[in-house]
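K.L.:
Protein chains in written order, with the numbering used here: chain A, 1 to 194; chain B, 1 to 503.
Hints in this document: simulated from the structure, not taken from any laboratory.
Using N, Cα and C, we set each Cβ at its ideal position, and we do this for glycine too.
Certain hints may be false.
Stated by the list, open to error - Listed below are the simulated DSS-like cross-link pairs for lysine-lysine, each with C-alpha atoms no more than 30 Å apart in a straight line: (1) A:174 - B:257; (2) A:133 - B:466; (3) B:444 - A:41; (4) B:257 - B:157; (5) B:444 - A:151; (6) B:402 - A:79; (7) B:402 - B:257; (8) A:174 - A:88; (9) A:66 - A:79; (10) A:88 - A:32; (11) B:394 - B:444; (12) A:174 - B:444; (13) A:79 - B:444; (14) A:79 - B:394; (15) B:449 - A:32; (16) B:444 - A:66; (17) B:461 - A:133; (18) A:41 - B:394; (19) A:41 - B:449; (20) A:66 - A:88; (21) A:41 - B:402.
Stated by the list, open to error - Sample of chain A residues lacking proximity to chain B, with all beta carbon distances greater than 10 Å (derived): (22) 21; (23) 38; (24) 150.
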Amino acid sequence: MSGMLIAIGSLTLIGLTLGTVLGAAARYFAVKEDPLEEELKAMMPGSQCGQCGYVGCAQYAGALAKGEAPITLCAPGGKVLIEALSEKLGVVADLSGLEDKGPEHAFIVEDLCIGCTRCVRECSTDAIMGANKLMHTIIIDACHGCSKCVKVCPTDAIVMVQYPVTLRNWHWPKPVIEDMQHRRADEPQALSAE
Amino acid sequence: MKLFPIRGGIHPEYRKEQASEKAIVVMPMPAALYIPLQQHIGAPAEVLVAEGDLVKKGQMVARNQGAVSASQHAPTSGRIKTVTDVTAPHPSGLPQTTIILEPDGRDEWGELPEPIPDPFTADAHTINDRVAQSGIVGMGGAAFPSAIKLNLGEQKKLDILLLNGAECEPYLTCDDRVMREYADEIIDGARIMAHALGTPRVVIGIEQNKPQAIATMTKAVSAFSNVEVIAVPVQYPMGSERHLVQAITGRETPALKLAADLGVVVHNVATARAVHHAVRFGRPLVARVVTVSGGAIREPNNVLTPIGARLADLVEFCGGFSARPESVVNGGPMMGQPLASLEAPVVKGTSGILALTVEEINDRPANACIRCGSCVTVCPCGLSPVDMAAFIRKDNLDVAAKLGVMDCFSCGSCSYVCPSHIPLVHYFNYAKGVLRELENDRRKSERIKTLAEVRTIRIEKAAEAKRAALAARKPAADAAPSGNVPSGNTGEIKAATEEKVNA
Numbered sequence: 001m002s003g004m005l006i007a008i009g010s011l012t013l014i015g016l017t018l019g020t021v022l023g024a025a026a027r028y029f030a031v032k033e034d035p036l037e038e039e040l041k042a043m044m045p046g047s048q049c050g051q052c053g054y055v056g057c058a059q060y061a062g063a064l065a066k067g068e069a070p071i072t073l074c075a076p077g078g079k080v081l082i083e084a085l086s087e088k089l090g091v092v093a094d095l096s097g098l099e100d101k102g103p104e105h106a107f108i109v110e111d112l113c114i115g116c117t118r119c120v121r122e123c124s125t126d127a128i129m130g131a132n133k134l135m136h137t138i139i140i141d142a143c144h145g146c147s148k149c150v151k152v153c154p155t156d157a158i159v160m161v162q163y164p165v166t167l168r169n170w171h172w173p174k175p176v177i178e179d180m181q182h183r184r185a186d187e188p189q190a191l192s193a194e
Numbered sequence: 001m002k003l004f005p006i007r008g009g010i011h012p013e014y015r016k017e018q019a020s021e022k023a024i025v026v027m028p029m030p031a032a033l034y035i036p037l038q039q040h041i042g043a044p045a046e047v048l049v050a051e052g053d054l055v056k057k058g059q060m061v062a063r064n065q066g067a068v069s070a071s072q073h074a075p076t077s078g079r080i081k082t083v084t085d086v087t088a089p090h091p092s093g094l095p096q097t098t099i100i101l102e103p104d105g106r107d108e109w110g111e112l113p114e115p116i117p118d119p120f121t122a123d124a125h126t127i128n129d130r131v132a133q134s135g136i137v138g139m140g141g142a143a144f145p146s147a148i149k150l151n152l153g154e155q156k157k158l159d160i161l162l163l164n165g166a167e168c169e170p171y172l173t174c175d176d177r178v179m180r181e182y183a184d185e186i187i188d189g190a191r192i193m194a195h196a197l198g199t200p201r202v203v204i205g206i207e208q209n210k211p212q213a214i215a216t217m218t219k220a221v222s223a224f225s226n227v228e229v230i231a232v233p234v235q236y237p238m239g240s241e242r243h244l245v246q247a248i249t250g251r252e253t254p255a256l257k258l259a260a261d262l263g264v265v266v267h268n269v270a271t272a273r274a275v276h277h278a279v280r281f282g283r284p285l286v287a288r289v290v291t292v293s294g295g296a297i298r299e300p301n302n303v304l305t306p307i308g309a310r311l312a313d314l315v316e317f318c319g320g321f322s323a324r325p326e327s328v329v330n331g332g333p334m335m336g337q338p339l340a341s342l343e344a345p346v347v348k349g350t351s352g353i354l355a356l357t358v359e360e361i362n363d364r365p366a367n368a369c370i371r372c373g374s375c376v377t378v379c380p381c382g383l384s385p386v387d388m389a390a391f392i393r394k395d396n397l398d399v400a401a402k403l404g405v406m407d408c409f410s411c412g413s414c415s416y417v418c419p420s421h422i423p424l425v426h427y428f429n430y431a432k433g434v435l436r437e438l439e440n441d442r443r444k445s446e447r448i449k450t451l452a453e454v455r456t457i458r459i460e461k462a463a464e465a466k467r468a469a470l471a472a473r474k475p476a477a478d479a480a481p482s483g484n485v486p487s488g489n490t491g492e493i494k495a496a497t498e499e500k501v502n503a
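My request is simple: use the sequences and hints to build the entire structure.
P.N.:
Okay, structure coming up:
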């Protein structure tokens, strides 16, 4: 009998002690940062292009976490990011006004480039090579399509172009099946729901 | 020897008799050869020739570049007409950079590397270098550069070289014919590869529906105690690397791992023969045996085709079409891909060209899934095609990925058995393409994040340095105005060096 009491007593004691320690730790060592903000920051392109109107990606993520900014502001992130954000935040985005042109990269029309290096300084990912009075060119692998360089170019030598479909990135399209039976099965359900 | 069962699989009509009794014939040199820079997995080769150059047979015309790549050689002597974009043998029908060679009809060999006199005393590097130099890729269809697979012996402990002669795809008979006609060359190549890999054993797996090949190969290996031929049951997809390894050794390759992690390296029989040619004679891979078959081909045949021959010329050599082909397939009917055009050339990975009639492809509209579970039973990878397809249909690719769609190797067994004719494997090909694209995008955005961070740090440092310089100069009174270097300039130079580091 006393053995049982000792067992119950000691386990209770251990439980209470550990519980107190954990409780204290949760209170005193708590991380103040909003975990949501961190998660959103990780989703951002991280190129700090500032096209959303905020200073950088972290600030936009902060505004998103507080619910102060619409989720459609990030240009480099594109439709993919908007969809991801909409799922994360549970916000329904109005995509109707937004035309998704697919991912793009900048391209310098070499005949028009005067070598002013404005775009070189503007690029936040060092994707433009060039020097004074020498022709510039874009390193496509480093370009994330923020189009900031397009805006600063004095001769309109930079255009945004779509990535070409090549053997490397081609993949099979989604199969389209004339699936009459599925549709017939769906319709009565839709009616009964109404 | 005891064999191990493999999961699932199907028993389609093999229809190999159309070409299996036809001895290999040599295709006459066509009027032009189209040699794509990329005929393999990895980076395209770098062009070494220009318009108007005269080349000899076996001369390297494009060199491998990067870690995974293979070089290309002139399949005959002649003049380089041009280097331009030509339709690739690919379902998209997109073009790729291709060297066009006009044969001069003399078919003269150029200077070839010296044969390796005794490969069994040569070190592994000599053999691997020779294989790499000869542009040899996996000839079973995947076209992975073989030299890289032969280097595996350095990193992993291997005990078996498995030669894949299963040829489980219906119609295809090219490996069967090569085994019947060139057994000694295959076995010599295999022994050289085993020596380079350091594997004590060589096993040649052949499906039981090729009795002559089994007999010839068994006879040819009788002189070598460490080489054996094993007849494996007729069951599609026995020729898949993972499944053949499992059937013969009982070792199941885990997802995202290679058979080499289990101590087994698999090469195709035709690849072994190419290694024999490269090591014993210094000859690069410039021709391969292609099965031309199908109901719409007038004279099905096994043709020794120069790499780069146009498919239209090859079909013409086989008597042309006897009926309108509903689909022309590159490879076998199960895993092969439909071709958009016959203007594309034969490449190193082309095992067969099938022209199939309407009856052969049996194209019907899809019906609703009746949840019979046949696809789950036959899936040789133990996946659940019915569930994956349902999620993909609703664009829920993440869930499909969790269910293992990336482990599917598109053998097509599920599509084959589906009584409702749902294009299951098409869904998986689509999903795998999209998931791969997303993965690439993710990698790119990660790299861009690093680039942006590096730039921020650099700009901060530059500003810091400027401030420090200014503070240091202040006491020295207002001497000459500081040499104002535009901030962009130093940035560019740094950007250039960083770019090189990142590349």
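K.L.:
Take the hints in turn and mark each one as holding or not.
P.N.:
Hints, verified against the model:
1. Our distance criterion of 30 Å between C-alpha atoms is met by residue 174 (chain A) and residue 257 (chain B), whose separation comes to about 28 Å.
2. With a C-alpha separation of about 25 Å, the suggested pair residue 133 (chain A) and residue 466 (chain B) falls inside the 30 Å cut-off, and the hint holds.
3. Only pairs whose Cα atoms come within 30 Å are accepted, and residue 444 (chain B) paired with residue 41 (chain A) is accepted, the gap being roughly 17 Å.
4. Only pairs whose Cα atoms come within 30 Å are accepted, and residue 257 (chain B) paired with residue 157 (chain B) is accepted, the gap being roughly 15 Å.
5. The hinted pair formed by residue 444 (chain B) and residue 151 (chain A) meets the criterion: a straight-line CA distance of about 24 Å does not exceed 30 Å.
6. For the proposed pair residue 402 (chain B) and residue 79 (chain A), the alpha carbon gap of about 23 Å is at most 30 Å, so the pair holds.
7. Under the criterion of a C-alpha separation no larger than 30 Å, the hint pairing residue 402 (chain B) with residue 257 (chain B) is consistent with the structure, at around 17 Å.
8. This hinted pair checks out: residue 174 (chain A) and residue 88 (chain A) have alpha carbons roughly 26 Å apart, not beyond 30 Å.
9. The straight-line distance between the Cα atoms of residue 66 (chain A) and residue 79 (chain A) is roughly 21 Å, inside the 30 Å bound, and the hint therefore holds.
10. Between the alpha carbons of residue 88 (chain A) and residue 32 (chain A) the distance comes to roughly 21 Å, so the proposed pair stays at or under 30 Å and holds.
11. Between residue 394 (chain B) and residue 444 (chain B), the direct Cα distance comes to roughly 27 Å. Compliance with the 30 Å bound is thereby established for this hinted pair.
12. Restraint check for residue 174 (chain A) and residue 444 (chain B): the C-alpha separation of about 24 Å stays at or below 30 Å, so the hint holds.
13. Note on residue 79 (chain A) and residue 444 (chain B): the hinted pairing holds, with a Cα-Cα distance of about 16 Å set against a maximum of 30 Å.
14. Distance hint between residue 79 (chain A) and residue 394 (chain B) is fulfilled; the C-alpha atoms sit about 18 Å from each other, no more than 30 Å.
15. The straight-line distance between the Cα atoms of residue 449 (chain B) and residue 32 (chain A) is roughly 25 Å, inside the 30 Å bound, and the hint therefore holds.
16. In summary, the hint linking residue 444 (chain B) to residue 66 (chain A) is supported, as the alpha carbons are separated by about 29 Å, within the 30 Å threshold.
17. Between residue 461 (chain B) and residue 133 (chain A), the direct Cα distance comes to roughly 26 Å. Compliance with the 30 Å bound is thereby established for this hinted pair.
18. This hinted pair checks out: residue 41 (chain A) and residue 394 (chain B) have alpha carbons roughly 29 Å apart, not beyond 30 Å.
19. Pair hint residue 41 (chain A) plus residue 449 (chain B) holds up; C-alpha atoms about 11 Å apart against a cutoff of 30 Å.
20. With a C-alpha separation of about 13 Å, the suggested pair residue 66 (chain A) and residue 88 (chain A) falls inside the 30 Å cut-off, and the hint holds.
21. The hinted pair formed by residue 41 (chain A) and residue 402 (chain B) meets the criterion: a straight-line CA distance of about 25 Å does not exceed 30 Å.
22. No Cβ of chain B comes within 10 Å of the Cβ of residue 21 (chain A); the nearest lies about 37 Å off, and the non-interface call holds.
23. At roughly 14 Å from the closest C-beta of chain B, the C-beta of residue 38 (chain A) stays outside 10 Å, upholding its exclusion from the interface.
24. With a minimum CB-CB distance of about 17 Å to chain B, residue 150 (chain A) clears the 10 Å threshold, and the non-interface call stands.
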